[in-house]
Each structure stands twice: as C-alpha cells, then as structure tokens.
Amino acid sequence: MDDLFAPSDVSWTRVSPKLATLRRLNASIVAGLAAIVALLALGLTLGWLYGVLAVVVIALALAWAWILIGRNQRSWRYAEREDELLVSHGIMFRELVVVPYGRMQFVDVTAGPLERAYGMATVELHTATPATDAKIPGLHPDEAGRLRDRLSALGQAQAWGL
Amino acid sequence: MTQQTAEVVGQRLHPLTPFVKGWGYFVVAAVALVNNEGLRQNLTFAGIGLAAVLVGGIALGALSWWFTKWQLTGDAVRVDSGFLFRRTRIIRFDRIQAIDVAQPFVARLFGMAELRMDVAGGGKSDGRLSYFRYDEAQELRTTLLVRAKGQQAAEQQESEQQAEAPPLLTVPTTRLLGATLLSSTVVGSAGALIWLIVATMVLNFHIGLFAGLPLLLGVVQPIWKQVVGNHGFTLSDTSHGLRTKRGLFDVQRQTIPPGRVQGLLITEPVIWRLIGWARVELDIAGVAGQKDDGDNDHEGAQLLPVGERTEVAYVLSRVLPGFDLAGIQMHVAPERAKWLRPIGWRYLTYGVDDQVMVTTRGWVSRRTSIVLHHKTQSVRMEQGPLQRRLGLANVHVDTPLGPTDAIALHRDQVEAAALVQAQADRAREARRTVSAPFAVQTQPNPPRPDGSSSSAASPAEDSSDR
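Protein sequences, first through last, are from chains F and B.
Sequential numbering from 1 applies to the first sequence in UniProt numbering.
Sequential numbering from 1 applies to the second sequence in UniProt numbering.
Keep in mind the hints are simulated off the structure, nothing from the lab.
Do not take every clue at face value.
Claimed, not checked - A short list of chain B residues far from chain F (calculated; beta carbon distances all over 12 Å):
no., residue
1, THR68
2, GLY111
3, HIS231
4, SER236
5, ARG336
6, TYR347
Unchecked claim - Residues from chain F shown here face chain B by an in silico Cβ test under 7 Å; the list is partial:
no., residue
7, ALA63
8, ASP83
9, GLU84
10, MET92
11, VAL97
12, VAL98
13, VAL99
14, ARG103
15, ALA131
16, THR132
The model shown is predicted, which means the values in this text are computed figures rather than measured ones.
C-beta atoms are modelled at their ideal positions from N, C-alpha and C, and glycine is treated no differently.
Using the sequences and the hints given, assemble the complete structure.
What follows is the structure, encoded as structure tokens:
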C-alpha cells in the first residue's frame, strides 16, 4: 500500500518527530481554551453537569487528535529526484505531489514562534498554480535552508517558461 | 518613493478620465438609493444625494487623475499614482506578455480607450492605464510593442490591425441565444422557476416567491452574459496566433499566442450534446486568474462560445496541430467507482498521447480537459478514506489558473500511481524536447533566490539571506 504513495526508486526523508509534539501542543492549547469556554458557558447557562460533559467530549476529541497527529507526522516525507521534488503525506486523506524544479516560481521558508521554539521550519514551493501543494513542515532550520537553496538553484538551472 | 514626489515627470492621462471613471460611483450610488426605502420616499433628497455622490466621485477621480503620471523610461513603463499614498509602478518591457486596447462602454461613448498590459503573474489592475484617446492608445500600444518585442513584430501586428484578416469562424447570435437557452444552468433555473410559479399558484405557497429572484437571475444573467458578451464572436488568424473579437457594448479583442496555451476545456451541457454543440475555453498564461476582474473570473479565454462538432475539431487543430481528440485511446474508470459516482462513473475517463493528456467527467454537463505535457506544473495523486476502501485514487495534473482542471477521478490506485510516474516522466520529456519557439512570450519570471524566504519568518540560524 504504502509504496503507491511513496515510490521506492528514490530515498525518502522523514520530517522531525517534533512536528507531532508541536501540533499536539497546539491542539492542547486550543482544546484547553475550548474546554474553559464550554465549561463556563454551559455551566452558567444549563448547569455544571453539561459543562463537565462538554469538557469530557473535548478531552476525548483531544485524545483522538493526539493519536492522529502522531500518525500524520509519521506520514510526512519528501524526496528529491533528479528533476522533481516529491512530497507525500496523509493517512486518512493521502496525497503525493510531484513538482518539477523547473516549474518553481519561488520558495518560502516560514517559521512561526512555536516552530522556532522547537527549532523547526516549513518549506513551501510555489508554482504558477495555487493547486500545487508542495509544503514540507517540520524541517530542521539548517535542512530548510539547504533545501531552499537547492530548490532555488535547481529551479533557476532548469527554469521553464509558462 | 515619497522622496521623489517633487521630481515626478511624465504625462497625465486624458482629462476626461475622472468623468468616465466617476460613472461607476454614480451607478453604485443609484443602486444604493433604489435599495434604500427611506431615501426613496424623499426624492429631492435622493436627487441631491446622487448629485453629491457624482460630484464627489468626479472630484476624487480628478485628484487621482492629477496625481497619476506615466512615462516611458529606458526599459520600462513607469506609473506614479496616489495622492495620499504615493505609489510607483514599473512595468518592464520584457515582462509584458501582451498589450490590448480595450474600450469599456462609457469610455467608448467618449471615444476613449484603456491600455491593458498583460504581465505574467501579475494581478488584474497591475498593467492598466486608463484613459487615453482611442488613437493615442493605439499609438502607445505600437510604441510599447516596438520596445517590448522589436520593430518587426510590432509592424506585423500593426499591419494585422489595419487589415483584419477574414474571420476563420463566426458564431451567429441566434445560435448563441439558442445555446444559452439550452445550457444546463438556464434550463435548470427555468425549470425550477416554472415549478415555483406553479407551486405558488396551485398551493398558495407564497414563501416561494422570494426564492424566485435568484432563479430568475439564474435565467437572465447567463443569457445576458453570453449574448451580450459574446455577441458577434469572430475568430481570425494572425501571425501571432488566433485572435478573438466579441462583445456588443464592450468589444473585447484577445490574441492567443500558440506557445502560451496551457490547457483546453471543452464543455458539453446535456442538451448541447444531443445537438452536437460544445464550448471551448483556454488557459492562457497571464490571462486567467484575474479574479477581481469580474468578467474574467477564472474564465481564461473563450476560443469558441458555442460551435458544432466540425468547428470544435477545427479550432482544436488550430491550437494543437496534429492533435486528434477522437484518436486518443480513453480509459474508463473501474466499475467499483460506481459506489462513489452511481451514474457518472461511466464518463470518468482519461487518455494520453505524446502531446497531451485528456480527461473527461460529468454526465449532465460533460467536461473534457486537455493539458499539454510540457505545460504541466505539478502532478498529484490523492486518496480519501472511501477511495482507500475501494482501492481508488485521483490523479490531478495541475496547470496555471484557468478553466482547465485535468483530474483523472477514481482510478485504480495501482494504475494511478503508475499514471503519476508516467505523467511526471512525460512532462519531463516534453519539457526537454519542446524547444521554446516563442521565446519572448514565454520568458519565465526568474525564481528569486534572495527574496525567496520571507525575511520576518525565516529561521533564526539562516544567514544566507544577508
């Protein structure tokens, strides 16, 4: 199964496991805030039982998300072929993107405050169409910089007109 | 930018510009007034309001006109504009993909015209200069063409302008009207509208009348758009590619340089199929994706608003020489796709030859997308949870924004994986073998190695920017 979305003729690089930690932290913050709001809103209007029930539901959702995030992190991988960048990700909704370097319009390296705190960055390759979804999260900043430089160099060397 | 305010040189646009542009404000104000109960009751007040808005709009327009200056520098068009926030836009000649002179309705009444420069990757208003006198606009267009593409190319285009070649093809207005009346949207809306009227009268179901308005719009709007927008559609041949001309009030001309065609879409609504009609649209670099342009909303270029089968085959052969749609072996999706598409699965097909990939889908309105291998931006394979159960996957072949969307839906997943590889290989091969005969027009925006990482967000350790 797996090899369909990750052809074995190239060597795949996985992303940092810290991506899962980061996303779990994010999910926990969101869930925590939602739990507080739900507890107060429902507790003050309908009764505390409903509030506690809502918190339990949110906690279960968080637990589920916890597992999914782990599986999703393990699914992210990318590979550099001679002429193309390959990105594969997703468990429930799987996707494999093949982008020729020559089609690249520009590369974005982004890192939010949390990502920086965890020492990670996201590389995104843009082509002339927004449909191209070549985004690699959870990269070490050095790797992100290397990838960006390599992609820019290759993109320039192989650049093709529209 | 601001420090140059004093030394801005250049020419102003036509002094009537604010009047022509002010009409927009007037219409908006009038519409707002009509929709406002309170104002409608007091007509004097409304009249004063309208006048005020008109004067205000023109005053604002006059200010903007006063502060807008354009000039030709050594290698670019420079436009300075804005009175509060000064803005300088520089459009390099070698980035201009095409230049058109357009005449919106009001502008045409005053004999004025707008210059539209297509800039690859640019937004809609990026390359517009309005308004000039019509002959001035033509003159400027020629000058720009000479600078952008060389004397020879410009002369060629000029001579074509003067002696417009006999059209290869025209679409009669009666057919336009008939085709629009029989298109799926109009038939659907009209059907729903009739049902609604009957229901209202028979069942006394008055709520329904409100739903009638959008439905009525659904009937009238496409007719208006098709019949007025595509009135007198002609396709003619020039040395720069095919040229289309259409429109009743706002005559639009568009050149389709062969090297810039990214993909084609053939649409056949269900009733058209019985008659043998089809519409052909194109993705063209620098034309599609002008979202806020209203009219051009993801439309790309019309190659044929409605045509018979022979005409469709003819225009296809003009755009893609040596291409034979009927000759391509199409593969139907596996039967288990019927769990996801109970009826439509029979129409999910794809086919490949050495030049293009073709996909079809839709049983009410059939869409046939044709993408060129050497224009492929990226190839994607996708699979959702239901598809995984069935062992199916989608393959997308992405082209720049436009009507074309080549998706091979619900293929067997092994076949899909092979197709992704094959498409990537074909795209690579095609890019290598197809030399770029339209060098000027296909100049890419070079990737920006320095500006590529957003500086505010780049990782702390990354120092290669400096």
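For each hint, the structure was consulted:
no. : hint   : in the structure
1   : THR68  : holds, 30 Å
2   : GLY111 : holds, 35 Å
3   : HIS231 : holds, 31 Å
4   : SER236 : holds, 24 Å
5   : ARG336 : holds, 17 Å
6   : TYR347 : holds, 22 Å
7   : ALA63  : violated, 20 Å
8   : ASP83  : holds, 5 Å
9   : GLU84  : holds, 6 Å
10  : MET92  : holds, 5 Å
11  : VAL97  : holds, 5 Å
12  : VAL98  : holds, 4 Å
13  : VAL99  : holds, 4 Å
14  : ARG103 : holds, 5 Å
15  : ALA131 : holds, 4 Å
16  : THR132 : holds, 4 Å
In terms of the numbered hints stated before, the structure departs from hint 7 and from no other.
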